Amino acid sequence: MKTIANVFHQLERWLEPVIEGIIRLCGISAIIFVFGIFFFVFREGMGFFFGGLDIVEFLTSPDWYPTSLNNKRYGVLALIAGTFSVTALAMVIAVPFGLGAAIFVSEFCGPKLKETLKIVIELLAAIPSVVWGFIGLTVMNALIIELFTVPIGLTMLNGGIILALMSVPIIVSIGEDALKAVPDSYREAAEALGATRWQVIYRVLLPTAKNGLLAAVLLGVGRAVGETMAVLMTTGHAVKIPTSPFDSVRTLTATIAAELGEAAVGSDHYRVLFIIGVLLFSITFIVNFVTDLVIKGIREKA
Amino acid sequence: MAKISNSTKKIEIADLTVRYDGVEALKGISFDIYENEILGIIGPAQSGKTTLLKTINRTIELEPNAQVSGSVKIDGTDVKSIKNVNQLRRRIGMVFPLPVGLPLSIYDNVAFAPRTAGIRKRSELDELVERCLQQAALWDEVKDRLKSLGTKLSGGQQQRLTIARALSHQPEILCLDEFSIAIDPVTTMRIEDILKELRSQITIILVTNLIQQARRLAGRTAFIFENELIEINNNDIIFSDSPANRLTYDYVNGNFG
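As given, the protein sequences belong to chains A and B, one line each in that order.
Position one of the first sequence corresponds to residue 78 (the numbering used here), numbered consecutively onward.
Position one of the second sequence corresponds to residue 108 (the numbering used here), numbered consecutively onward.
Keep in mind the hints are simulated off the structure, nothing from the lab.
Bear in mind that the values here come from a model prediction, so they are computed numbers and not experimental data.
Note that CB positions come from ideal geometry on N, CA and C, so glycine has one too.
Don't take each hint at face value.
Heads up, incomplete: computed chain A residues facing chain B, CB under 8 Å, no partners named [as the list claims (entries may be wrong)]:
hint: 1; residue: Glu93
hint: 2; residue: Pro94
hint: 3; residue: Ala267
Result set (EDC-like, lysine to aspartate or glutamate): computed pairs, CA atoms no more than 20 Å apart in a straight line [claimed, not checked]:
hint: 4; chain 1: B; residue 1: Lys259; chain 2: B; residue 2: Glu248
hint: 5; chain 1: A; residue 1: Lys189; chain 2: B; residue 2: Asp128
hint: 6; chain 1: B; residue 1: Lys259; chain 2: A; residue 2: Glu339
hint: 7; chain 1: A; residue 1: Lys191; chain 2: B; residue 2: Glu170
hint: 8; chain 1: A; residue 1: Lys287; chain 2: B; residue 2: Asp215
hint: 9; chain 1: A; residue 1: Lys257; chain 2: B; residue 2: Asp215
Using the sequences plus the hints, can you model the full thing?
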């Protein structure tokens, strides 16, 4: 018996560093992949970025004529405006709905309804984006034309609504987790002080869970900024700085998806699409970074 | 005995039974609590003491699997018949075993209940917060940092904060559930002194694991064991050599439990 125990002990001493090494590799691989992707995307665009692209025009001009024969223009302002306007509209719709649903699921509904709702919400999150795009293209399009008597329904409004529907499940499930993490003792204490349910929610739960709720909202924003297929199908794909929700717009992501396949590899057009990729990457990086700062700020104050 | 028979009944508990998923946590308990007394409740863990407190302010209703039968009357009114449960809860201060500083400022912690009750005037709130913190012997330590978070205070300070908070809605009844479990003896003694002072104004129910604490503070003590009320009597009987029940004697003298 003693020798068997000894062997195991010996084995453990050998295995321990190996396992530690594997786990370390797993952790570091995340960093490697992120930098790898960034490097690859940047490398593809680099040639044009340093040789010929007018950065100021790129960022400030709404003229996007990458395939024009005699006057090629690479301005992405309209695309940035498209991405931001659709995202903003989606969030205006999704944040109140998502947080409201999270509060309802976490605080108000009974255990049976809660289970059902959570399953359905997860199902909603699992619908492929092309299916959402299809719904936008057919159902929403017809609905918008009918309701607002506009000539086309493939607009910023359509894309915003579809994106909102796609972001809501994320906001609900992360938000519900954040509310669930508030200790029950807070609820009990507040209820024992004679607070009504609503008072418990807005005086105690929301302030306590604000970090998690903010994270939920920003994950929703991330989802909306990065979404490609659904917005490509629903926003009308017209390069235009929108002036109303009934304007067609085009987003950064949709532009890459639609044009990359047709741009000649190595051409300026091909490279500028990769620069747009870097731009998208930077936007999401900034959003994440700001989130971190905000959350840290809240934590320090707390 | 004379002191008590002169007093009026504040709480009447009659045949109170509570079941969690069918398992009895309290078995047909009946006794009265008089106005302006400190009633000690002793007994081992899991004997139903906390459940008893929860039936008084009806927070038992927040437990989805609890079933209550029998009655709890405050000033002759069955608590079950009170329509506005929040109003009932505001009449009762509740202090839990572990200090629960709500994640709000010290000021907002104490002003929480008055605000939910609709008090908005700043001067009124200021005055109330100061008075409650004074009563809980915390004012001098925190008066310069009322805006800082209540959860940043030490355990003992937080427990005094919860007592200040429990007093903030000027309750008629104060329930303390093993309030000294997480705080040091010196702070415990300070809080005990506060409770003695408060006795003239409110009825205090003191659930405690510390038998000596019940002996020091209470006028009468109830002994609950295995979800049944074994004995309720004046302290000079409970802590004498001949309480009414042999079990009480054994528990108080540390022969079991």
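Could you work out which of the previously given hints the structure breaks and list their numbers from low to high? 1, 2, 6 and 9
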